[in-house]
Amino acid sequence: MHQMENMLQNIDLIHRYLSISITDQFYSTVDLEGEYTFTQNIVSKKTIIVSTFTSKILLHPQLKLFLTALITEINNGKCTVELIRERIRHFEEIRYLPVRKII
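Using the numbering used here, the first residue of the sequence shown is number -18, and each one after it goes up by one.
The set of hints was computed from the structure by calculation and includes no laboratory data. Check the hints yourself; a few may be wrong.
When the alpha-carbon atoms are kept at most 30 angstroms apart in a straight line, the in silico DSS-like pairs for lysine-lysine are as follows [what the hints assert, rightly or not]: (1) K59 - K26; (2) K59 - K45; (3) K59 - K37; (4) K45 - K26.
The following label-pair restraints were derived from C-beta to C-beta distances [as the list claims (entries may be wrong)]: (5) S36 - L64: 28 to 36 angstroms; (6) D(-7) - N57: 18 to 26 angstroms; (7) V24 - E73: 31 to 39 angstroms.
Computed from a predicted structure; not experimentally measured. All residues carry an ideal CB built from backbone N, CA and C; glycine is no exception.
Let's have the full structure, built from the sequences with the hints guiding it.
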């Protein structure tokens, strides 16, 4: 897999992916404004996402761990634009499925 090309051109897609992933995992929405930023890696010169977590995230260890893992996955090139789009489509599809109660 190729590393996410043109990360800065995909800021909105990345933000949507992080937000919808949180909603899927934790059944709640979190405003991610100010929780991460894009910068250039000093050594590789590649654009990366850097967490700037506030207490909103830091007070919830599971959420912090989850977001850190997603960001690391994107930064390490394990997550392409196509994969992110596919995951967003999946999350949107399952959101509208009826919930089955298992007794």
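To see whether the hints hold, each was checked on the structure:
no.	hint	in the structure
1	K59 - K26	holds (18 angstroms)
2	K59 - K45	holds (19 angstroms)
3	K59 - K37	holds (27 angstroms)
4	K45 - K26	holds (26 angstroms)
5	S36 - L64: 28 to 36 angstroms	holds (31 angstroms)
6	D(-7) - N57: 18 to 26 angstroms	holds (21 angstroms)
7	V24 - E73: 31 to 39 angstroms	holds (37 angstroms)
In this structure, every one of the numbered hints holds.
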